[in-house]
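Protein chains in written order, with this note's numbering: chain A, 2 to 213; chain B, 156 to 556; chain C, 37 to 120.
Worth flagging that the hints you see were computed from the coordinates, not collected in a lab. Yeah, the Cβ is synthetic: ideal placement off N, Cα and C, and Gly gets one too. Honestly, I wouldn't trust all of these hints.
Claimed, not checked - Distance windows between CB atoms, simulated:
(1) Ser302/B with Asp176/A: 26 to 32 Å
(2) Pro67/C with Asp144/A: 47 to 53 Å
(3) Gln210/A with Ser243/B: 42 to 48 Å
(4) Gly72/C with Gln210/A: 52 to 58 Å
(5) Glu161/A with Lys303/B: 29 to 35 Å
(6) Asp23/A with Leu398/B: 47 to 53 Å
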Amino acid sequence: MTHTHLKMIKCCSIKNNTIYIDHQTVYHTTEESFDSFIELAYRNFKFNYPKFFKMDRLAKLGFIASEFLLQGQSLLSRYAPDKIGLILANQSSSLDTDLKYAELMHQGIPSPATFVYTLPNIVNGEICIRHGIKGENTFFISDDFEINTQVDYIMSLFHEHHIDACIGGWVELLDNQYECFMYLVEANQDLTAPEFSINNIQNNYYKSQSYA
Amino acid sequence: MTSDNHVYIGGLGIISAIGNNISETIQSFKEHRSGIHSTTYLETRHNHIFPLGEVKLSNSELAQRLNLSPKLSRTILLSYHAVLETLSHISMDKLHELNVGFISASTVGGMDKTETFFESYNQDSESGDLSQVIHHDNGKATDYVASKFGIHDFVTTLSTACSSSANAIMLGTRLIKANQLDVVIAGGVDALTRFTLNGFNSLMILDKNQCKPLDQDRQGLNLGEGAAYVLLLNKKALTFLGLSSSVVVSGYSNSNDSYHQTALSDDGQGPFLAMQGAIKKANILPGEIDYINMHGTGTQNNDQAESQAVKNLFQDNIPPLSSTKSFTGHTLGASGAVEAVISVLAIQHHFIPPNYHFNSSIEPFHISPVTKIQENVKLTHVLSNSFGFGGNCSSLIFSSL
Amino acid sequence: MHELMSKLKQQIVEQLNLKDVKPEEIGDDQPLFMEGLGLDSIDALELIVLLQQQYGIKLTRAEDGPSVFKSVSTMAHYIMEHKK
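With the hints as constraints, model all of the structure from the sequences given.
Below, the structure written as structure tokens:
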């Protein structure tokens, strides 16, 4: 399987209270806070997954993006669960929840449900639990979205036949500053779909950054 | 083009509750000496309640040894200490002529300093020393250490809970196999903090006594801290640096258990897939594994799920196994690398490290770990497991050529 | 007792972020875990925190959890027996 058969099938970005699929707006609110926005998005699209409300803010962001990304893709009916990978990254790790937990701890009420989310890769776990994905997954921490590193990593997973499909992306949130860019890569798909390459992911990511 | 595509291990570094370096670590196993004790260094209200696997050096002692500022996060100090040992026999000038990467993993980052700052700040928002939070970000420890050693070609941080540093070693191996780098220092670090201790206590999975991994009567885990790194090289780099090695990373695999944020599934599917994948990658059969360094935290859930996965994979031919967390404690983000180093030492020095203690095996598996160090054993293939929260399951295989 | 159970239901919904559940919809004897309200092991730990915070009762053994937290009714009984 050569790299030329790897395609970026779809991308989803979330920023400024707006959700975009392949750069088209699918949802927008004028809500000020992330918390209100993300709950409204959840309700509006009737995702019907009560565990959503237990997630921390980072997991909610990643979860909603993945819901849009995987909608209509029937990924699990086309690929074995352990051949679907999930490679994510961000800058702030789980700092948003770390701070919340530290606050509770100092108040003398360390909350186990909050502590669970003081790891950035729990968002991977939530997405995997939701869809039954069992393939390789990891989480990188870097100052900026290091697209080369992520794309190379995903390509090597395909090359080694570890995976046949992969979700990649940048899921960053700290306080009310957030951005999410997630994409789906598959092998042997539609030849008209954009090639999966560092260049293409960069172009798509920068395009998503340029939204008003 | 060389036909030798092996990824060699040409150096090791480790600091944990059972020793500040390789030889102390080996000695602890030989003398059957656990590093888990009543709290000495960490200031916590849980003092004398939960035994911990602390590194037996204070921050100022560490800083003094390393000629670094004692104001640095303990995470940085531990990481630096272990990397120093990893590179102690290398000519740095020659190293810098190669393509070198540094991949470090951690879960706690600079939290040890931040929580101290937070305490003052919380009481009075005008107080608190801001310099304490400069290195809070998880990636900062990696960047600091990389820059101190002049490593620039590839530097990154991973954070996937307890499998973090195993994933770092996996990534390093891949980058070398793909000819992206010649050398990678890969591993991880985590320092004990009140944050972690309180958090794990809220999950009610801490043992108030010395942990009993793989025992029917296990009561939970003991937290530990430490840092460990492996020096991964391709053949060209090995030769260029004048090193010799016969231990390689032969297998690796990662999967998601996809069941619960903090618990493994009853049938241990994630662990099973990770182990099976690593064995397949190494191109060997389960029967060729000579020793398994289990994740073996001592929690009800992990040890049951991992035992089930081992039983499913190895059936009636379960190799000798043990959990060294009964010596070091659970070093969280560092555990993958700490146990990788122990696994490689086992191959190099021909021993199987034991469980610190053991009474009765977990029903219905009847798996009994090694309970006394076995010396003068030839180990060809060693499997090391690391399973983290978020369902992140990794297995590594180290082999003697 | 009825008042306590009413209050408990409210507290459970808040503590466990059960946003789409109305407190009055939780049956007194409805199983909280598994097939009932579908709570999991982390929720059980949060209920331990709730007992401590709101009622000053410390549950030190996780294995007592299943019987104490079986339903709102068993929780209320436990509180009545142990409240300081």
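Notebook entry, point to check: So which of the earlier hints does this model not fit?
Noted result: 4
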